[in-house]
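Residues in the sequence shown are numbered from 286 upward in steps of one, following this note's numbering.
Simulated from the structure, these hints should not be mistaken for laboratory data.
Where hints are given, some of them may not hold.
[Stated by the list, open to error] Calculated cross-link-like contacts (lysine to aspartate or glutamate; reagent style EDC-like; alpha-carbon spacing at most 20 Å):
| # | residue 1 | residue 2 |
| --- | --- | --- |
| 1 | LYS349 | GLU399 |
| 2 | LYS414 | GLU390 |
| 3 | LYS414 | GLU450 |
| 4 | LYS433 | GLU449 |
[Claimed, not checked] Between beta-carbon pairs, the in silico distance windows are:
| # | residue 1 | residue 2 | range |
| --- | --- | --- | --- |
| 5 | LYS323 | LYS430 | 46 to 56 Å |
| 6 | ILE354 | GLU408 | 37 to 47 Å |
| 7 | LEU325 | GLU421 | 24 to 34 Å |
Cβ coordinates follow ideal geometry from the N, Cα and C atoms, glycine included.
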Amino acid sequence: MERGNFLFISYSLPSEPSRIRVSTWRWLKKIGALNIQKSLWLLPDTEDTKDSLKKIKDYIENEKGSVYIASGNFLYGKEDIKGKFIDEINREYEELLGFCTRFHEEMKKETQKENFTFAELEENDEELKKLYSWFEKINKRDYFKSEKGEAINKEIQLCSNEFEEFSKTVYERNNIV
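Generate the whole structure from the sequences, applying the supplied hints.
Structure follows, in structure tokens:
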């Protein structure tokens, strides 16, 4: 999806306590902001990002910091910025892919061991839910819809299919169906 305007946030916080800077950094990362210079971040201009930046602004001011937020376009470098957003999100998708791979390995291992217990079913159900939840969080901040996002979505669907097959076997082996 092509985006036009961006929101820029620059802030300054007291050096102590450091938890305030850490909390602000985590909050900006969570919403998918891109740090382009020290304490200068940017996001595509959407209603959600405006709402999030308003909350961050209030938090920073409440903690005796100063904050400036602007909206604008890039005259030069927009494709470079878009590429940086995509690179950042692709790193997150790659990490998630590693967890999908471990899920596949776990399903294969437990199937080979014939460990078709309720405890194993429950454990893998929780792991699958974590994969979906993590994907949703990453996908929400995938402002430029990286191709990796669709690939990871398909990979998680494969995990889900494996889990369904494993579940059927657990139910059959325990005379549930």
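Comparing the hints with the structure gives:
{"no.": "1", "hint": "LYS349 x GLU399", "result": "59 Å, violated"}
{"no.": "2", "hint": "LYS414 x GLU390", "result": "17 Å, holds"}
{"no.": "3", "hint": "LYS414 x GLU450", "result": "16 Å, holds"}
{"no.": "4", "hint": "LYS433 x GLU449", "result": "24 Å, violated"}
{"no.": "5", "hint": "LYS323 x LYS430: 46 to 56 Å", "result": "29 Å, violated"}
{"no.": "6", "hint": "ILE354 x GLU408: 37 to 47 Å", "result": "44 Å, holds"}
{"no.": "7", "hint": "LEU325 x GLU421: 24 to 34 Å", "result": "28 Å, holds"}
Checked against the numbered hints above, the structure breaks hints 1, 4 and 5 and satisfies the rest.
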